[in-house]
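Engineer: Given these sequences and hints, build the entire structure.
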Amino acid sequence: MFNFKSDIQFINYFRIFIFISLILIIISIGSIFYKGLNFGVDFKGGTLIELRVENTEIGIGDVRQSFIKMNLGDVNVKKFGKGNDYLIKFEQTDKNKENFIENIKTQLSKNLGGNFSFRRVENVGPKVSGELLRSGLIAIVLSLSAMLIYIWIRFEWQFSLGAIIALIHDVIITIGFFSILEFEINLSIVAALLTIVGYSMNDTVVIFDRVRENLKKYSSKTINEISNLSINETLSRTIITSLTTLLALLSIFFFGGKILQGFSFAMILGVIFGTYSSIFIANPILMKLKVSQKSLLKED
Amino acid sequence: MLYFSKLKVIFIYSLIIFLSYFSFSNFLSQNYKLFDNKINLGLDLQGGSYLLLEIDSNPIVLQKLQNKFSDLKKFFREQNIKFQNIKIENNQIYFEIDENSKDKFISVFTNKNDNSINNYFEKYKAFEFDHEINGNKVLINYSKFGIIEIKNSSIDLALEIVRRRVDEAGTNEPNILKRGNERILVELPGLDDPSRIKNLLGKTANLTFRFISDDDAEGFGSEKMFFEDNIEEAIVSKRIILSGDNLIDAQPRMDNQTNQTVVTFSMDRLGTKKFAKATIAGVGKRLAIILDNKIISAPVIREPITGGNGQISGDFNFQSATDLALLLRSGALPAPLSIIEERTVGPDLGKDSIYAGTIALIIGFILVILFMFFKYRIFGLIADFALVVNLFLLIGVLTIFEATLTLPGIAGIILTVGMAVDANVLIFERIKEEIKIEKNNVIAFDSGYKKAQTAVLDANITTLIAATILFFFGSGPVKGFAVTLGVGIVSTLFSVYYFARHLTSSYVFKNKEKIISI
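Chains as they are written, first to last, in my numbering: chain V, 1 to 300; chain S, 1001 to 1518.
Hints listed in this document are in silico derivations from the structure and should not be mistaken for laboratory results. Since we're looking at a predicted model, the values are computed, not measured. Be a bit skeptical, because a hint or two may be false.
[What the hints assert, rightly or not] Here are the simulated SDA-like pairs of lysine to any residue, each with C-alpha atoms no more than 25 Å apart in a straight line:
id	chain 1	residue 1	chain 2	residue 2
1	S	K1451	V	I239
2	S	K1450	S	F1385
3	V	K79	S	Q1046
4	V	K258	S	V1061
5	V	K127	S	G1476
6	S	K1432	V	I8
7	V	K79	S	D1192
8	S	K1451	V	L148
9	S	K1451	V	L269
10	V	K105	S	Q1046
11	V	K127	S	S1195
12	S	K1436	V	I8
13	V	K78	S	K1351
14	V	K217	S	E1433
15	S	K1351	V	L148
16	S	K1436	V	E213
17	S	K1432	V	M70
18	S	K1479	V	L148
19	S	K1351	V	N55
20	V	K290	V	L235
21	V	K217	S	D1458
22	S	K1451	V	W157
23	V	K105	S	K1432
24	V	K82	S	T1358
25	V	K258	S	G1190
26	S	K1203	S	V1061
27	S	K1436	V	I239
28	V	K89	S	S1195
29	S	K1436	S	F1509
30	V	K221	S	K1436
31	V	K217	S	S1029
32	S	K1479	V	I168
33	V	K89	S	D1458
34	S	K1351	V	G81
[Unchecked claim] Where chain S lies over chain V, by a calculated footprint (3+ residues, C-beta under 8 Å):
id	stretch
35	83 to 91
36	188 to 196
Even glycine gets a Cβ: it sits at the ideal position worked out from N, Cα and C.
Structural biologist: Right under this line is the structure:
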């Protein structure tokens, strides 16, 4: 099981996969700019209410109508998890409005009857949401730079560049998926993106470590041969680790509750693309940059 | 890499037992515990409210500048500095200085020692005020550091008042912290409806007693004010008879005669004197009781109040009277606070999240354990043991440091389970390669461990870097994820490199002569 003793000629597929990746990146960036991102209240500001209605005769239409009546700005209502749970988002926040949530509750009980409860209320003012978005972006940029520097120190600049391009590839495609599917981007998605950066790096580093070792070991082989050999040698580890990580993530996705679903979905995408990019993006870059035994001479 | 000294083995197992004890102690009842340490549940798991309050310090700065304006005039007269046309303009003090006084002004205003008018901060190496002289025109305004000092002192005062109000409202183990010099974070575990606390914190609670003026229109010494119903209005004098600062106690009471709920209060000595003097002179007049620029009530003074006790009647029910009394007891905020972020999780959602998180952890754990066993058999079992130990270590460390476990934190633990086996996989795959070229088991295993080491370390350090950045930039629940992920990496390295390696080495030494397959 999963013993890849194989001698797959990965280098033969590099061209086609780079082409596919380029298309995916173009689609992602296009969607991010054209369609935009579905920011949650964390980043857009506004109010989020998770509502549980006990009366099964009340449908999503009734819930939507009663919120629209309250003049709360742009209202978005959708089902969430179990049949009678709804997630309601609207623009207004309770800044300096006394009894804001209280009043919503009172009006809602007029329209829906008393059998409901607010399971969760989140209220983020525009100043805070701006700050959260900024610090999220800084965190992602900072983590990418930290990885760049770490690999530079541990390896050579060519490795560092290859790894970082693979990481940016993973992050852009993951965000692209969220844009196309209109999934919500909130604080936990940023956490997932950072973890993806860590995970994808982890995968790339293992292959690079082997590339470096093989460069020292086989003085006559070209980087193309060494890259191919190293990918093959580490392939079963790459696949096993991705599988165990995916098993853990799938169990969060299916059993960890509605709140963690966006997070685990982003992570699942990230693990798949992170594994893929470690092989098909990071390595061709080493080849393009003509890494050779000489590149390592400075180090020893 | 396969040799372990006895001392090292004892150390490894003692550490594991020690940390496992802590991880189990979370489930022990209080009577059997040796230590009180336990993992705290985040607000998203136990239910509760998170409020972020921001103070608007601009009015305070303006108020202080006005005070300084009067001080400055007095100071110039004392020092015999000649000036004219002094006024406040665009939040700056402006005046024109006499040519002969200019040098004196500069020398006293920029005196670093014992400067009563322009404080010199040793810690910032800077003055409270900036000044700008253009010919004989002088502009004075707060320096960056002067404003920082005002903000710091007003946030400290606000923090104290917020703490008193939340404590008096009787909430369970509230957590109240300063965030920078403009914000206060309030965490209220177990509170699923924070509206009362929000209303209490949203009030400045500036109480004044002032006479209602006889005039019909606003004059120089009076202003128009609304009653609490926002309909009725009255002209009140600007002169303050008594303010909330002079109150020492306030309680809600039932007035026996009218059967109405009232708030009774008692004054300090100075307040008693002032109030007595004013009420002696003002019998027959109406005295307005004003809270945050709204008139609560304006009773007619029938007789002088000299005993230092009074009562406020109004349109109260017992709850609103209790809250008013609480606000009066805890004092006025230096400036209004606004709630800029609120997150409230109901207790049943918290319970659901714990349940879902636990189920996901158990299922993820079982899947990974089965996978490793089928893939590596005996070594899979070793990796599985290491995974169990890893969990105990992780939870043990979280317990010792009394970390806060959040829902993303649970996700971090599950993710650790998935990623922790990576180190063992790297090592096992490496050993597989080594066995092919080296017949001696001990040497093959030894070099497998050695050669995998850099990859294992590099791979884990990259994830640790990501977790560290997340810890510093993440907020609330996400921080909990960074903590479990980061601690998880350290516990993984320990469980793999000490515990699993020891098990592997025992196995290899026992089966030196046999053919071992991974």
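Engineer: Which hint numbers does the structure go against, in order from smallest to largest?
Structural biologist: 4, 9, 15, 17, 23, 31, 33 and 35
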